[in-house]
Amino acid sequence: MYYWEGKLEQEYEVQMILKSERSHQEALLSFLKQHHPYQTPELLVLPVHAGDKDYLSWLNASLR
Numbered sequence: 724m725y726y727w728e729g730k731l732e733q734e735y736e737v738q739m740i741l742k743s744e745r746s747h748q749e750a751l752l753s754f755l756k757q758h759h760p761y762q763t764p765e766l767l768v769l770p771v772h773a774g775d776k777d778y779l780s781w782l783n784a785s786l787r
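Positions 724 to 787 (the numbering used here) are the ones given, in order, by the sequence shown.
Result set (DSSO-like, lysine-lysine): computed pairs, CA atoms no more than 27 Å apart in a straight line:
(1) K756 <-> K730
(2) K776 <-> K742
(3) K756 <-> K742
Just so you know, the hints here were simulated from the structure itself, not pulled from any lab data.
Sequences and hints are given; from them, build the entire structure.
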């Protein structure tokens, strides 16, 4: 539930998590804003400060 233009709204939403490198951040955010049906979509950047070493190595290799 959220307020939009002074009215309480209720919509069903899906959360999507995208993993990418910082160098692609602006292009990715721009693309998502252009193609999202909401005027103000919830687009958040969550930096990874720590995690499983093997997984982070795999993720880094996958993004190259």
